[in-house]
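Enquirer: Read off the chains here:
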Amino acid sequence: MEKKIEIIENIDPSLIHKDLSHPASGGICVFIGAVRDTTQNQKVNSLFFEAYEAMALKEMEKIAEAASKQWNLNRLIMQHAVGDKKVEEPVVLVGASSAHRDDCFEACRFLIDTLKEKVPIWKKEFFDGKDEVWVTPHP
Amino acid sequence: MKILLFGVAKDIVGNQVLEEPSFKAKNVAELKQELIKKYPEFAKLSSLAIAVDEEYASDEKLISAENEIAIIPPVSGG
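Just so you know, the sequences run in chain order A and B.
According to this note's numbering, the first sequence holds residues 1 to 139 in order.
According to this note's numbering, the second sequence holds residues 1001 to 1078 in order.
Simulated from the structure, these hints should not be mistaken for laboratory data.
Among the hints, a few may not be true.
The calculated lysine to aspartate or glutamate pairs, modelled on EDC-like cross-linking and capped at a C-alpha distance of 20 Å, are [claimed, not checked]:
1. A:K118 with B:E1055
2. A:K123 with B:D1011
3. B:K1037 with B:E1066
4. B:K1002 with A:E53
5. B:K1044 with A:E132
6. B:K1010 with A:E53
7. B:K1010 with A:D128
8. A:K58 with B:D1053
9. A:K43 with A:D128
10. B:K1010 with A:E6
11. A:K118 with A:E6
12. A:K62 with B:E1034
13. A:K62 with A:E106
14. B:K1010 with A:D84
15. A:K58 with B:E1054
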């Protein structure tokens, strides 16, 4: 399986087909997480992401490895952005390609869920007329 | 002992790195106790993990000045 794992300033979703396309893959599945303009009824202006980069990359590698054992994947991608991100900007992108759709759909869900649970990255929310806060995860 | 800080841990300590010569912890569990004693706010987090050399470490994991130690408050990527 070929993989691309990165912590980067800006995610470019226009590259995704090229990144996941493979002669043996009949299915490509992608999840993109973006900045939403509200959280718990408060207007969000922007988010700031910080990573413990060396460890984050190691954890992402482990997740990719686990996915490649569980599903039959030809290519896999995991990217997370760092720095200031405005509403609608992509902040995380995961995807996989496989011969048939079941493998890439299931792998994609696993990639994003496990990334959110394990990878050492933190987000801070910036609001209108109110102090910014580091996000504590909620279900 | 030098400890890397991220996210809300930086706000709790008021710095990016915690240099604490008085910490005598020999393992991760002892380090967590020393941290909470000095900075009680850490006890209020929904989780408090320690990374040793860029890996999540169990409470029994031995630590020394040679290790890269980091406080991992609840993660919120994605």
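Enquirer: Given the proposed pairing of A:K43 with A:D128, does the C-alpha separation stay at or below 20 Å?
Expert: holds, 7 Å
Enquirer: Decide if the proposed pair is consistent with the structure: B:K1010 and A:E6, CA atoms, cutoff 20 Å inclusive.
Expert: violated, 24 Å
Enquirer: Does B:K1010 pair with A:D128 here, judged by a C-alpha cut-off of 20 Å?
Expert: violated, 23 Å
Enquirer: Holds or violated: A:K118 with B:E1055, Cα cutoff 20 Å?
Expert: holds, 11 Å
Enquirer: Does the structure keep A:K118 and A:E6 at a Cα separation of 20 Å or less?
Expert: The given pair, whose Cα atoms are some 15 Å apart, holds under the 20 Å limit.
Enquirer: Would you mind confirming whether the straight-line C-alpha gap from A:K58 to B:E1054 stays at or under 20 Å?
Expert: holds, 8 Å
Enquirer: Quick one, are B:K1010 and A:E53 close enough, alpha carbons at most 20 Å?
Expert: holds, 16 Å
Enquirer: Is A:K123 close enough to B:D1011, meaning Cα to Cα at most 20 Å?
Expert: holds, 13 Å
Enquirer: Under the criterion that the straight-line Cα-Cα distance not exceed 20 Å, is the pair B:K1002, A:E53 satisfied?
Expert: holds, 18 Å
Enquirer: Between B:K1044 and A:E132, does the CA-CA distance stay at or below 20 Å?
Expert: The hint holds at about 19 Å.
Enquirer: B:K1010 and A:D84 were given as a pair; does the straight-line alpha-carbon distance stay at or below 20 Å?
Expert: Distance ~18 Å between B:K1010 and A:D84 Cα, so the pair holds.
Enquirer: Is A:K62 within 20 Å of A:E106, Cα to Cα?
Expert: Roughly 17 Å between the alpha carbons, so the hint for A:K62 and A:E106 holds.
Hints 3, 7, 10, 12 from the list above are not met by this structure, while the remaining hints are.
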